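Per our numbering, the very first residue in the sequence shown carries number 2; after that it's consecutive.
Since the hints were derived computationally from the structure, they do not count as laboratory data.
Keep in mind that this is a model prediction, so the values were computed, not measured.
Treat the hints with care, as some may be off.
SDA-like cross-link-like pairs, simulated, lysine to any residue; straight-line CA separation at most 25 angstroms [claimed, not checked]:
no., residue 1, residue 2
1, 134, 193
2, 311, 54
3, 311, 107
4, 71, 54
5, 952, 915
6, 655, 695
7, 655, 763
8, 952, 843
9, 107, 553
Simulated restraints, written as ranges between beta carbons of each label pair [unchecked claim]:
no., residue 1, residue 2, range
10, 240, 324, 30 to 38 angstroms
11, 670, 775, 31 to 39 angstroms
12, 228, 72, 15 to 23 angstroms
13, 25, 580, 40 to 48 angstroms
14, 356, 120, 50 to 58 angstroms
C-beta atoms are modelled at their ideal positions from N, C-alpha and C, and glycine is treated no differently.
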Amino acid sequence: MAASFGYGGSGVAAVSFRVLGPLEVSGERAAVSVASGRQEIVLGALVLELNRMVETTYLVDAIWAHHPPKTARAQVQICISRLRRALLDGGVDATIETRARGYILKAPEGATDVGNFRRMVAEAHALARDGLKMPAVEALRSATALWRGRCLAGVPSEVLAGTAAQWDERRLEAVETCMRLQLELGRHEHLVGELMQLVAGHPLRERLRGYLMVALYRSGRQAEALDAYHQGRALLTEELGLDPGRELQDLAQAILTDDPVLALAEQPEPRAVVATQAAQPAQESGADPDPVTTPRQLPADVYDFVADDKIVSAICDAVTEGQGKGPLSVALVLGGAGVGKSTLATHVAHRLAAEYFPDGQLYCDLGGLGGRPVDPAQALGRFLRALGIPGETIPDSLDERAEMYRSLLAGRRILVLLDDAVSDSQVMPLLPGTGSSGVLVTSRSLHTALPGAHRFDLEPLSTEQALRLLGRIVGERRVEGEAEAARDLVRLVGGLPLALRIVGARLAARPHWSLTFMRNRLQNEHRGLDELAHGELSIRASFSLSYEGLTAAERRLLCLLGLAEGTVIPSWPGAALADDRTPCANDLLERLVDTRLLDITAVDQDGETRYGLSPLARTFTRERLAAEIPEAERVEAVRRMVGGWLALAERAHKEVYGGRYMFVSGRAERWHPPENVVLRCLRDPLGWLESEQENLVGAVELAARFGLDELCWELATSLVTLFEARGCPDLWERTHRVALTAVQEAGNQRGRAAVLGSLGTLYLHRGDYKAAGPYLSAALGMFERVGEVRGQALSLRGLARIERHHGDDDRAMTLYESAERNFGRVEDVIGRAYVLGEMARITMRRADFAQTRTYIDEALGICRSICFDRGQALLLRRLGQMLMYQQQHEAAERILLEVLAMVRASGDLVVEGCVLHDLGRVNADLRRPEHAIEYYSQSARIRERTLDHGKAAATRADIVAILDRPVPSVG
Numbered sequence: 002m003a004a005s006f007g008y009g010g011s012g013v014a015a016v017s018f019r020v021l022g023p024l025e026v027s028g029e030r031a032a033v034s035v036a037s038g039r040q041e042i043v044l045g046a047l048v049l050e051l052n053r054m055v056e057t058t059y060l061v062d063a064i065w066a067h068h069p070p071k072t073a074r075a076q077v078q079i080c081i082s083r084l085r086r087a088l089l090d091g092g093v094d095a096t097i098e099t100r101a102r103g104y105i106l107k108a109p110e111g112a113t114d115v116g117n118f119r120r121m122v123a124e125a126h127a128l129a130r131d132g133l134k135m136p137a138v139e140a141l142r143s144a145t146a147l148w149r150g151r152c153l154a155g156v157p158s159e160v161l162a163g164t165a166a167q168w169d170e171r172r173l174e175a176v177e178t179c180m181r182l183q184l185e186l187g188r189h190e191h192l193v194g195e196l197m198q199l200v201a202g203h204p205l206r207e208r209l210r211g212y213l214m215v216a217l218y219r220s221g222r223q224a225e226a227l228d229a230y231h232q233g234r235a236l237l238t239e240e241l242g243l244d245p246g247r248e249l250q251d252l253a254q255a256i257l258t259d260d261p262v263l264a265l266a267e268q269p270e271p272r273a274v275v276a277t278q279a280a281q282p283a284q285e286s287g288a289d290p291d292p293v294t295t296p297r298q299l300p301a302d303v304y305d306f307v308a309d310d311k312i313v314s315a316i317c318d319a320v321t322e323g324q325g326k327g328p329l330s331v332a333l334v335l336g337g338a339g340v341g342k343s344t345l346a347t348h349v350a351h352r353l354a355a356e357y358f359p360d361g362q363l364y365c366d367l368g369g370l371g372g373r374p375v376d377p378a379q380a381l382g383r384f385l386r387a388l389g390i391p392g393e394t395i396p397d398s399l400d401e402r403a404e405m406y407r408s409l410l411a412g413r414r415i416l417v418l419l420d421d422a423v424s425d426s427q428v429m430p431l432l433p434g435t436g437s438s439g440v441l442v443t444s445r446s447l448h449t450a451l452p453g454a455h456r457f458d459l460e461p462l463s464t465e466q467a468l469r470l471l472g473r474i475v476g477e478r479r480v481e482g483e484a485e486a487a488r489d490l491v492r493l494v495g496g497l498p499l500a501l502r503i504v505g506a507r508l509a510a511r512p513h514w515s516l517t518f519m520r521n522r523l524q525n526e527h528r529g530l531d532e533l534a535h536g537e538l539s540i541r542a543s544f545s546l547s548y549e550g551l552t553a554a555e556r557r558l559l560c561l562l563g564l565a566e567g568t569v570i571p572s573w574p575g576a577a578l579a580d581d582r583t584p585c586a587n588d589l590l591e592r593l594v595d596t597r598l599l600d601i602t603a604v605d606q607d608g609e610t611r612y613g614l615s616p617l618a619r620t621f622t623r624e625r626l627a628a629e630i631p632e633a634e635r636v637e638a639v640r641r642m643v644g645g646w647l648a649l650a651e652r653a654h655k656e657v658y659g660g661r662y663m664f665v666s667g668r669a670e671r672w673h674p675p676e677n678v679v680l681r682c683l684r685d686p687l688g689w690l691e692s693e694q695e696n697l698v699g700a701v702e703l704a705a706r707f708g709l710d711e712l713c714w715e716l717a718t719s720l721v722t723l724f725e726a727r728g729c730p731d732l733w734e735r736t737h738r739v740a741l742t743a744v745q746e747a748g749n750q751r752g753r754a755a756v757l758g759s760l761g762t763l764y765l766h767r768g769d770y771k772a773a774g775p776y777l778s779a780a781l782g783m784f785e786r787v788g789e790v791r792g793q794a795l796s797l798r799g800l801a802r803i804e805r806h807h808g809d810d811d812r813a814m815t816l817y818e819s820a821e822r823n824f825g826r827v828e829d830v831i832g833r834a835y836v837l838g839e840m841a842r843i844t845m846r847r848a849d850f851a852q853t854r855t856y857i858d859e860a861l862g863i864c865r866s867i868c869f870d871r872g873q874a875l876l877l878r879r880l881g882q883m884l885m886y887q888q889q890h891e892a893a894e895r896i897l898l899e900v901l902a903m904v905r906a907s908g909d910l911v912v913e914g915c916v917l918h919d920l921g922r923v924n925a926d927l928r929r930p931e932h933a934i935e936y937y938s939q940s941a942r943i944r945e946r947t948l949d950h951g952k953a954a955a956t957r958a959d960i961v962a963i964l965d966r967p968v969p970s971v972g
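Using the sequences and the hints, build the whole thing.
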């Protein structure tokens, strides 16, 4: 039987510090006796802020409240000394460290029951979001079992009582969530007794009473459900002079009329987060796998969400309106700064995701506040990659990307959330083509003509809604205890959710502050507080309240974070900007997250927290940056951060290529991130580069803006590893144009040569040989003047490709030989392998198969010796082509099948289409028309999928040619 939600649970694991009830401490040797009074208060405050500094002034206030003695600080020090001795004697794995302004209790994260409670509740909410309701219930049961009474029961401190009340409130919220989930699971009959006990203990909590009414109704006890309502109504009227809230009244009416909405909804089956190829039956070598990817890109939902329920329901209805056979439905949420558009849209998206859009959710911040809106072609590129299309197969033009996107979404139930849109032209290409999907768009001032759009103008919260939001942040008891001051706070911030969250965070972090004190602070501000309802000035004042509460070091870090160009960053750039070598960079950012000046945007698959500044926060921090951080200090901060991105990009390149090959280095200073960050990068270097693409490109541009030309060109050219493998020619050119300007202005000849040579290679990839020549020739001359041998080799290799394209094989061979010698001089074995493969192409064209085989074997040996998989695949395909030239079709088939397996494993659709075409040719020559048609058909399908219509048409012509060929006689 499930555990009760009463007090007295034993918890799930032994902990050193217990505050969810009377204060208790236990160590390896014995239970620790803590003297009542001052020592209890000090230890309780430290435990609640485990591993965070608690200021001495706060401890003084917690002990003596309004009238501390002159010896207060000395007495706090005595308490700390005695607590240290008690912890040591008891064998407790914890220490109390002294800081300039206070003290920190250092202990493992699982050392407190309150920390374990927080973790378990978070896990439960994550399970519930994934549709795993029963495991979520079990997690919530375990969390509430940690409680042995009211938080810090018996500790004599008014200040701590405020914080303790917040934790008591969180326990009740966890209980309510557990009850709701169990009702959704159909366990109403088992809950009636437990809910009756809970309602008796908390008779004014309408949510619990509502759950009791539902449980009774679904158990066939309609009269008792209505009686529970009337008892609650009478109690509210007698004690508070109030009627029940609208939700409870509506529920009573629904019970009275047997409204079908109260029937238990059928439970959907839990869905996997991602459907992968591994879940499908194994296929033969020649099959077309066509894997399905289910994107889950929504930002995190907020636990304390508050909004008008009618608007939320209306938006939900609008988004799902076309899910039958109707046209596409678009919900457009409009409103001013800080009104909560993004939060509302994200909440609605999570609410609809599992039931209505099981095939995935796409999200893009279109950058409406940053002054540089996201180009729709760029957004489509991100969406196509999320849907499983490799970067190199994504077409260049906006129209072709939109066509591929609509084709992939046709018939699939996918939700698209477009945040901070600027214009109709930005949104239109991102709309699916059928009504099976749904679209949510937020914008500040979009005047829309979007087809099928339902417009919702979002207003500030009503007074009741705002008070509810404030209560969820700081605790309902504090709001109820200072009702007049709470209403004044709501009025002063104009009901804006962003401003309320900031004020609430300030109060929650300082439970000894009264709401009246906070109201007086707002009334005494002189920077536009009377204009709080008029947009930007109100937001700036609200940010300033939180900013002034930071230490000098925290303010400096926040300002420097405004330098980062990416909208979402990992934690280590914070350490680089602050010039702090801590291995746990998250600790530096924790305080900024607590004050809601910095957001946690996601937790990646490795468990790494990702952070971001909202557009308004970024604007605010950059204003303070210009005013408070000297220019020289800003330059050095940028130098460290960009140096960190360069160090990681270089490590990724080395992992892909097996060493420092095909890469011209400069003299820029590297800043080396912690080793755990490097290890995450090396586990999947190309995946890491792609996931950090926005930050890496932004770092190139940031280095240029700050005059760091050496860092700029080195980082830009190191990113070719990503651009080449994932097919990103637009970013390749964008970063290199920025770098070229930087090195030209600085007179940096080596950097200029490297950038020109890389741009030449880009044009070769595009097939623009005429444009590539001048760049490569200029780069070669500069590399010769500065004595850069590897750069010369890279330029010669590119020029040789141009000559080969024009049919001058002799000239091409001469240039290739020069390139090969130069690569040899600098021991760049991968450079030699690439050149040998190109030389083999010429000798094969000359029918010199012995020399061709020599070149291929030597190059393959190099690639195998350093595990360069992509090089092996390309060279083996070249070997298969040579065998086809020699009419050795069975041997060619064996080689090409090996290559096919390799490229399918790496997801290289372009090469897969080519290899399948090669296999079709081999089987046609072997007079196996059925096999040849199968391979050609697979090749044509892949080429159609990648929008390579010309080669797809040629492949289908090959099929027609086989069908028209007479069938050879047998016998």
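Taking the hints in turn, this is what the structure says about them:
1. At most 25 angstroms may separate the alpha-carbon atoms for a hinted pair to count; residue 134 and residue 193 meet this at roughly 19 angstroms.
2. As the CA atoms of residue 311 and residue 54 are separated by approximately 43 angstroms, the hinted pair breaks the 25 angstroms bound.
3. Of the pairs offered as hints, the one joining residue 311 and residue 107 is violated, with about 47 angstroms between alpha carbons and a cut-off of 25 angstroms exceeded.
4. The hinted pair formed by residue 71 and residue 54 meets the criterion: a straight-line CA distance of about 23 angstroms does not exceed 25 angstroms.
5. Restraint check for residue 952 and residue 915: satisfied, since their Cα atoms lie roughly 9 angstroms apart, inside the 25 angstroms limit.
6. For the suggested pair residue 655 and residue 695, the alpha carbons sit about 21 angstroms apart, so the restraint of at most 25 angstroms is met.
7. About 21 angstroms separates the Cα atoms of residue 655 and residue 763, which keeps this hinted pair within 25 angstroms; it holds.
8. Between residue 952 and residue 843 the CA atoms are separated by roughly 23 angstroms; this keeps the pair inside 25 angstroms, and the hint holds.
9. Between residue 107 and residue 553 the CA atoms are separated by roughly 23 angstroms; this keeps the pair inside 25 angstroms, and the hint holds.
10. Between residue 240 and residue 324 the beta carbon distance is about 46 angstroms. The supplied range of 30 to 38 angstroms is therefore violated.
11. Separation of residue 670 from residue 775 is about 33 angstroms and conforms to the stated range, judged on CB atoms against 31 to 39 angstroms.
12. Between residue 228 and residue 72 the C-beta distance comes to about 60 angstroms, which lies outside the given range of 15 to 23 angstroms.
13. A hinted range of 40 to 48 angstroms holds for the C-beta pair residue 25 and residue 580, which are about 42 angstroms apart.
14. As the Cβ distance of residue 356 to residue 120 is approximately 28 angstroms, the hint placing it in 50 to 58 angstroms is violated.
In this structure, the earlier hints numbered 2, 3, 10, 12, 14 are contradicted, and the remaining ones agree with it.
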